[in-house]
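Modelling step: build the complete structure from the supplied sequences, incorporating the hints.
Going down the list, the protein sequences come from chains X and G. Using this note's numbering, the letters of the first sequence map in sequence onto residues 395 to 676. Using this note's numbering, the letters of the second sequence map in sequence onto residues 395 to 676.
Rather than coming from a laboratory, the hints here were simulated on the basis of the structure. Quick caveat, the model's predicted, so the values are computed rather than measured. All C-beta atoms, glycine included, are put in the ideal place defined by N, C-alpha and C. Careful, some of the hints might be misleading.
[What the hints assert, rightly or not] Which stretches of chain X does chain G cover? Using the computed rule of at least three CB atoms under 8 Å from a CB of chain G, they are: (1) 407 to 414; (2) 430 to 442; (3) 562 to 574; (4) 664 to 674.
[Claimed, not checked] The calculated EDC-like cross-link candidates involving lysine to aspartate or glutamate, where the alpha carbons are at most 16 Å apart (straight line), are: (5) X:K451 <-> G:D407; (6) G:K541 <-> G:E576; (7) X:K651 <-> G:D672; (8) X:K413 <-> G:E434; (9) X:K406 <-> G:E434; (10) G:K403 <-> X:D672; (11) G:K451 <-> X:D407; (12) G:K593 <-> X:E435; (13) X:K593 <-> X:E535; (14) G:K415 <-> G:E450; (15) G:K651 <-> X:D672; (16) G:K451 <-> X:E590; (17) X:K415 <-> G:E434; (18) X:K653 <-> G:D672; (19) X:K403 <-> G:E435; (20) G:K406 <-> X:E434; (21) X:K593 <-> G:E435; (22) G:K413 <-> X:D523; (23) G:K520 <-> G:D539; (24) X:K496 <-> X:D523; (25) G:K520 <-> G:E495; (26) X:K406 <-> G:D672; (27) G:K413 <-> X:E435.
[Said to hold, decoys possible] Sample of chain X residues with no beta-carbon within 12 Å of chain G, all distances over it, derived: (28) P424; (29) D458; (30) R505; (31) V597; (32) P608.
Read off the chains here:
2 protein chains.
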Amino acid sequence: MTNLWFTEKWSKDTRFSIKVKTHLYSEKTPFQQIDFFNSEEYGNFFTLDGFIMVTEKDEFIYHDMITHVPMGTNPKIKKVLVIGAGDGGTVRELTKYDHIEKIDMVEIDERVVLLCEKYLPITACKLRDKRVNLYFQDGLEFVKDSKEIYDLIIVDSTDPISVGEGLFTENFYKNCFRILSEEGILVNQHESPFYENFKVEMVKAHQKLKNIFPIATVYQIHQPTYASGHWMLGFASKKYDPILNHNPEQWESLNIKTKYYNSNIHKGAFALPNYVLDILNK
Amino acid sequence: MTNLWFTEKWSKDTRFSIKVKTHLYSEKTPFQQIDFFNSEEYGNFFTLDGFIMVTEKDEFIYHDMITHVPMGTNPKIKKVLVIGAGDGGTVRELTKYDHIEKIDMVEIDERVVLLCEKYLPITACKLRDKRVNLYFQDGLEFVKDSKEIYDLIIVDSTDPISVGEGLFTENFYKNCFRILSEEGILVNQHESPFYENFKVEMVKAHQKLKNIFPIATVYQIHQPTYASGHWMLGFASKKYDPILNHNPEQWESLNIKTKYYNSNIHKGAFALPNYVLDILNK
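Here's what the structure looks like:
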């Protein structure tokens, strides 16, 4: 039996390793290094520039929480802009809502989408839904030029140390604000509080969002294959409060099947430990 | 520079590794293999039979949550039994409450206590508090023979696959029930839902507690150095509900300093994801 391990650097002195059965595919695109693997315990998984993006075993956690928290805050969301998210998991969750009319998805690297359709159909299965429009371009440019108005923007990006860098700038957030409706919500991948390398990026992202949006906070998920397992998502909006505006009965009446998200965890996820509140100056 | 790594097996195909500066100490006692390490990122940390128990970097999370959740549920707790917990972190948190009169701590392996006093004074600093009585014996035997009545029992044990095995039996839980007051609470280390090896033990522990206690549930913490980072603690009691009986103002009036625990997270920690509810048949 091949003794093959994928190892990710989680912090200066921490490593996380998964035993791999097959290295399915490898490609260097103009944007990043893409690799797909198969493992017995995690199923298929893929990495960008050596960082795990999605594993079949735990992708439901991230995709539930980046999607259903905003959808459970404003049940009238009809037009959604998704930035990044090439694996398709976020779009898959959004298509569960019949009342969503339009999903524009902007992914810089078309190869991610095409390869996920081949190796990760579990997440990429709804990218050809008729409400979905795929744009293969830079999200930063897209929001700068957009004349559209959205109810929700989901920024499902890589880390700011990679091709995702532009999606963590004040300029980007300002343009998001501009193209959001008066009831608009932005949710984004927001790094992590535990390891120094992610913590500094988390703090910067939060400060920028707080400077632009009247409401800006973060919520947490248990994501075992992301560094420390304690991962953050950002919630920013023009008027909706994620706790006060969540109506459990209303969301439950939609009968949407989820493996992680529910009304209790919608609220519980915003209960931050003291050390995170301190870091964020909250 | 020495390229030395401590590596822990988190599941069949998952490994977690910390870069080590010095292997401070190693000893095989009649009960287990004990090792202390020093690392730049985690400070000192120690392992039992190759599993991380405590690191200076994240011990505050576990010790806050195993202690302040029951203390924040019943503010009248005066007599506490702690089983395991040789590192002293749980006792350190308990001694912050002036109204606690007595803490009996039962640790099977005296060497753990003595070595933690040497290498981990950050957790072991209150073991000689005058309210603390140390018993170096098997917790299973202690509760069987005890004539004492406690308001709170904290089972801060290793995993059931090791010397901690007896502390996961129905017989043990029954004796805990017997020596708890009518307002008694039991909190225990409760494994994890994500990896199969821990999941089966979590389910068994919960079923047993549910058979004995009128109220039995679990709550979750973000513990980066435990497998998956998604760790569980069990809460069982004769009449106190951890949510309904938590009074934020009352707890806050005690002015106890915590780095993880607060009233929001007291409640938020009990908000379980659907897949965990399913596993536990809740």
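Beyond 12 Å from every chain G Cβ - status for R505 of chain X: R505 of chain X is indeed farther than 12 Å from all Cβ atoms of chain G, at 27 Å.
Pair hint K451 of chain X and D407 of chain G, alpha-carbon separation not exceeding 16 Å: Roughly 13 Å between the alpha carbons, so the hint for K451 of chain X and D407 of chain G holds.
16 Å limit on alpha-carbon distance, applied to hinted pair K593 of chain X and E535 of chain X: Answer violated: K593 of chain X to E535 of chain X is near 27 Å, above 16 Å.
Agreement of K451 of chain G and D407 of chain X with the hint, judged by alpha carbon distance not exceeding 16 Å: Distance ~13 Å between K451 of chain G and D407 of chain X Cα, so the pair holds.
Satisfaction of hint between E434 of chain X and K406 of chain G, Cα-Cα up to 16 Å: The hint holds at about 9 Å.
Restraint status (C-alpha distance of K593 of chain G to E435 of chain X at most 16 Å): Judged against 16 Å, a Cα distance of about 14 Å means the pair holds.
Annotated coverage of the segment 664 to 674 of chain X by chain G, confirmed only when three residues or more have a Cβ within 8 Å: holds (count 7)
Reported absence of D458 of chain X from the contact zone with chain G (all CB gaps over 12 Å): At roughly 8 Å from the nearest Cβ of chain G, D458 of chain X sits no farther out than 12 Å, so the non-interface label is violated.
Pair hint K406 of chain X and D672 of chain G, alpha-carbon separation not exceeding 16 Å: Violated: K406 of chain X and D672 of chain G sit about 37 Å apart, past 16 Å.
Restraint check for K413 of chain G with D523 of chain X, where alpha carbons must lie at most 16 Å apart: Violated. K413 of chain G to D523 of chain X sits at ~46 Å, over the 16 Å cutoff.
16 Å Cα cutoff - pair K403 of chain X, E435 of chain G: holds, 13 Å
16 Å limit on alpha-carbon distance, applied to hinted pair K496 of chain X and D523 of chain X: Given that 16 Å is the threshold and the Cα spacing comes to 10 Å, the pair holds.
Violation of the numbered hints given earlier is confined to hints 3, 8, 10, 13, 17, 22, 23, 26, 27 and 29; the remaining hints are satisfied by the structure.
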